[in-house]
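If you're matching them up, the sequences are chains A and B in order. Yeah, the first sequence ends on 586 if you go by the working numbering, and it's all consecutive. Yeah, the second sequence ends on 545 if you go by the working numbering, and it's all consecutive.
There may be inaccurate statements among the hints.
Which bits of chain A does chain B cover? Going by a derived footprint, with three or more residues having C-beta under 8 Å, they are [what the hints assert, rightly or not]:
| id | stretch |
| --- | --- |
| 1 | 419-432 |
| 2 | 451-465 |
| 3 | 479-493 |
| 4 | 506-518 |
| 5 | 541-547 |
These aren't lab readings, by the way, just hints derived from the structure by calculation. Ideal placement from N, C-alpha and C gives every residue a C-beta, glycine not left out.
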Amino acid sequence: MNKKKKRLVIRSIILAILAIAVGYTFYSNLTKEARGNLKEGDQAPDFVLTDLSGKERQLSDYKGKGVFLNFWGSWCEPCKKEMPHMEKLSKEFKEQGVEVLAVNVGDSELQTKKFAKQYGLTFPIAIDSTKEVQDAYGINPLPATFMISPDGKVEQIVIGGLVKEEQVRALFEKVKP
Amino acid sequence: MGKVKCECGHVNPHGTILCESCGRALTEEAQREKLHDMRYEGSARRSQTYNKTIIDKVWNFFSSVKVGIWLIVLTLIASSIGTIFPQKLFIPNNVSPETYYEDTYGVAGKIYYTLGFYDLYNSIWFIGLIAAIGVSLVICSLDRVIPLYRALKNQRVARHSSFMKKQRLFTSKEGTLQSGELDKVKEKLKSKRYHIREEEGSLLAEKGRFSRWGPYINHIGLIIFLIGAMLRSTEGMYTDAMLWIREGETLEIPGTQGEYYLKNEKFTIENYDEKKDPEVFKEALKRTGGVVKNYQTDAVLYRDENRDLPGAKPKLVKVKDAEIRVNEPLKFDKFALYQDSYSKDEMKAMEFALADKATQKEAGRVKIDLFNPKDTYDLGKGYKVEIIGYYPDYDGIGSDGEPKTKSPLPNNPAFLFKMISPEHPKGEISFTAIRQTLEPVGKTDYKMEFRGIETRNISALTVRKDLTLWILGLGGAIFMIGVIQGAYWNHRRLWIREINGEIYVAAHTNKNWHGLKREINSVIEGTSVPIPEDQQG
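The shape of chain B in the complex, shown without the other chains (with noise of 0.2 Å):
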């Protein structure tokens, strides 16, 4: 399989389809053909001609656009069906994505688990195909880049009759060429900022020939996209975790490797004020009933100078104080904290007052922290009150007569305790939980009466570290040049030439024909060179 040498002596590399240099057709289909396709100049696709190693027939295969275009359609497909049942990060997150689909719909459901749809982003044959596209765009790009900047490179001036001929512009007339006339020509193409060569008797104008880079442009931003989106998966590069944390709280911020903490001084949510706020919103609160203004949680950020083992306590260093509003989130070292939900009003102390239920008279009270409730409650003057039992979240009374928590989270605080009083020094026992009092072990002479709560909020902060945003804004932005660069210019040309007592003319563009007509109906009118016609339809 050796060059192509044409018969005006230029050698092409195998598979050329049009001369590089002269344009004339170098194979019987191109010669056959009524207007060549100059997509890539006729270059040479030497993928499809050598297919001898594995190394080729791998190669041959993702450099076929044709495949390139499957591989999208099935990605489409795909993620189109991955939206038809929830996907796993949408499930309750109490059940098990195992049984949940089938449990929830049927055969449908275990099949659309057992291929991976549920979690399509993360299966590996999703990943398979988005990687098959990236492949496929570096081999389709480099192998039609390269021959068609060698076909442009190579380009002569005087392009065979055929060649010329069968472009979708052109003309030929019976005259010869003035050397007034093509001055003037030369003149207004000169003025439309054509290039112009010229080699004794033939003429070719060319603009915007960068214009033709625009797709690979275009690919190489998709590529540093595609990279930029890889590396999400890399430790260290891409952190999104949710931070739940009370009022009050001190907590390890999630991601950071136990450097910073994060305490929660106090959250708010303010609502529009129809008397303080403009006008504007009386119309909406007064249709709502309430609009919120602002959802903030002021923090302190720390840095922990120990960062010993996980349950070690921390020496905390203060970095900073911080207001964090939605769309106003704090940042650090590369992290940011952003509002994201939150929870009102969890129940954080309990207050009760021991009384005397004959007299209605009170022996004193307690307050019960429900995060750390005390042994004993030490009333002074011979009253005591005793914790036996606490239950955060009373859930009834098990079958081993015992009562029972469903959870460590004060939802539903029950107590068992033991009253101490001066007539009762081995103290009565009483069962209270809300709107609820039991005496299990018989009638007592006091009781522990509610008085009071205290509640407190939680606010649920995003914390995201995202180092593959620069990738990504630069990906996007070279993708963006490529669209423009191939769409705002377009590459004409332009062949006037003189072949045994006749003038051809003929031109091409990649796009935009009837911009180029006009172009060229303007630069030629009124000389005696023949105006190209559309072969076209």
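This is chain A alone, in the form it adopts within the complex (with noise of 0.2 Å):
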């Protein structure tokens, strides 16, 4: 009776080291994909980049403030598209404590000032020269909008083009302070 009791400790320890094992592959291989990733709901990793002013741009610095971080490149039609609305609700919504952060990804210099220039952009341009930041961000097609709350999470991920100013604008609302 004694030893078949062991038996049963024996085997279910064994099964239960096998079952870890087992478990724990499971989880490293279903979550390699995701890992660097970002998802909505993680924090934030935080950057510096310099805008096109010449001023640092760290995102930590913008604790208690919503952040619109769009990502985005002269070549890309649907990054043109939500300019003008990303331009017009930026000023609207600075008062309210929303701020718009763009990084441009693969352009230089001149193309990204001209761009700026085209469309009126007076919200800070950053350029990602060494493409760390999108790295950072996981960024494949572009553009890629974040939304970062005031306590620095990833509140939503917008993979894609924004085409209307209601669509922005409740992109906005969700990040305010």
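Now that you have both chains on their own, put them together as the hints suggest.
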């Protein structure tokens, strides 16, 4: 009787060890893809870039404010379409504590400046020339917009163009402090 | 369910088929069979006898070799189905696999995608199959090696006559064992490195028992190998990334968490030279026109002392210079950078001359860095060139009348220039692309004439870090030790016993029966001990 109990205990222990190993394999394999890619609810990775006026912009400096973080490129057609909405609402929401920070991906300074001038953009634009910030945010197709709450969390991720003003407005509303 | 006590007095675990000690058949089935199955020495595979709790049921399921073989067969079938359509890795990277398989292969493609065959090695059920094989391996082995060990440890010298009769090699003859004859046999057995045990008129000669552990050592190796493979998905254990880097660029090396940077000084391709290189290459060179001798990236490795936020300026400290060639990677801190691929002659800069159309006179030249063009190029004496628009990958004029660019890469650069001259202080507008000049706002007196181009190469390096390699190596080595142990040594036993005026001789080996027969013949020949015969076929 005693021996049978012992065997049951040993078997249980071995099976438990195997189950843990298998469970771990599943966990690490299934999270492999997601790792490095931001999800809504994650802490937004901090970064620092210099904007076109030469001012350093660090994400953590925006603590207490909502941030409309937009990744764009001048060759990207949908990026062009959402710029006027962003410009209009950035002015409107500035007093309400939501700021726009645009990160250019891939363009030269000349192109970025011309673009900003052409579209009359007044919010800060920085160029991520080393692609480090893109990598941190896992950017692939453009545009990509990250709504960051006042406590620094990724509230919402929008991949692709924002066509309607209401759409953009809803995003701004979401991260109002 | 108690123990089974044999007539000889030995107490066997429940489920034993042949008494561990004397070899008597303990089950009716074993009593009926012509030859005993000796693979596990007739020991008790307990798993097949206890079946009470859920733990036992799970254990018994995985303890079955049949289940193990089915798992392997299923894995093989799944792997072969995985080769029917290309894996996710090999489909064009600008399409989504979700639509690609259905669009390209129809319904079959959709099923293929839905069931996860498109990314087989990462699909849940495939990992599940491999994991189940691992579990089966552990439990099958444990369930067999322990009883087998017990049976071999407890075996008695004098085996029961029924046990001896049901060995494959067996004979019996009337007579008695002469001690002189037996001594001769013993002498010869000793010279063949047999261990001899004797017990009043019975003899057991045995060698190579450790060969029986070969398969289990082999399984231990496999399990270690699987653990190594499992750890590959653990963060920080394994990196396999690509780094495309232009000549002159300094980039962060992916996978190093911002710690290391690499500068590409120069990428070169060197061909075999008909004159300089030895005669042997002549034929090949004539046939193909050119054979590459060397792909090489001259690089500088830096470490970032800052390791600050993404985007922050790194404080680079040089670690070393390196020449990366195929099969000669740059190694540092558990990472290795391998020369993998390249792209030749990407445009880097363009040179134009500002020229008077009528007189062909040049007012000066501008060299435009395609990755960082300037606003204004002052040529002096009232001549200036301003860039109003830059379209690095020009793709025609859009519906809004504006030139379009396909990408940020300078594949087909085009410029909207404002040419300022003493005659035209307000400037003339010219749109200049490769082999194309437009004057969108009226005829101009000046033009931008293409003068030259500067290119550079891009090198592609594989970034590899693999901390699991030694585990895989260890597993592989143990695996091979097990194979060798089981394959090059045989477990051979010879029993000689006198029972009621008859001499019984039986022998067993786990493989290579022919070798055993020859060895026994040479041992017994010339004595009165009978030579056992093969009772099978």
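Results of checking the hints against the structure:
1. By the rule of at least three residues with a Cβ nearer than 8 Å to a Cβ of chain B, the coverage given for the stretch 419-432 of chain A holds, with 7 such residues.
2. Three residues within the 8 Å Cβ limit are the bar, and the stretch 451-465 of chain A against chain B gives 5, so the coverage statement holds.
3. Residues of the stretch 479-493 of chain A with a Cβ under 8 Å from some Cβ of chain B number 3, which satisfies the need for three, so the listed coverage holds.
4. Chain B is given as covering the stretch 506-518 of chain A, and this holds because 5 residues of the stretch bring a CB closer than 8 Å to a CB of that chain, at least three being needed.
5. Counting residues of the stretch 541-547 of chain A whose beta carbon lies closer than 8 Å to any beta carbon of chain B gives 4, which reaches the threshold of three, so the coverage claim holds.
In summary, the structure agrees with every hint in the numbered list given earlier.
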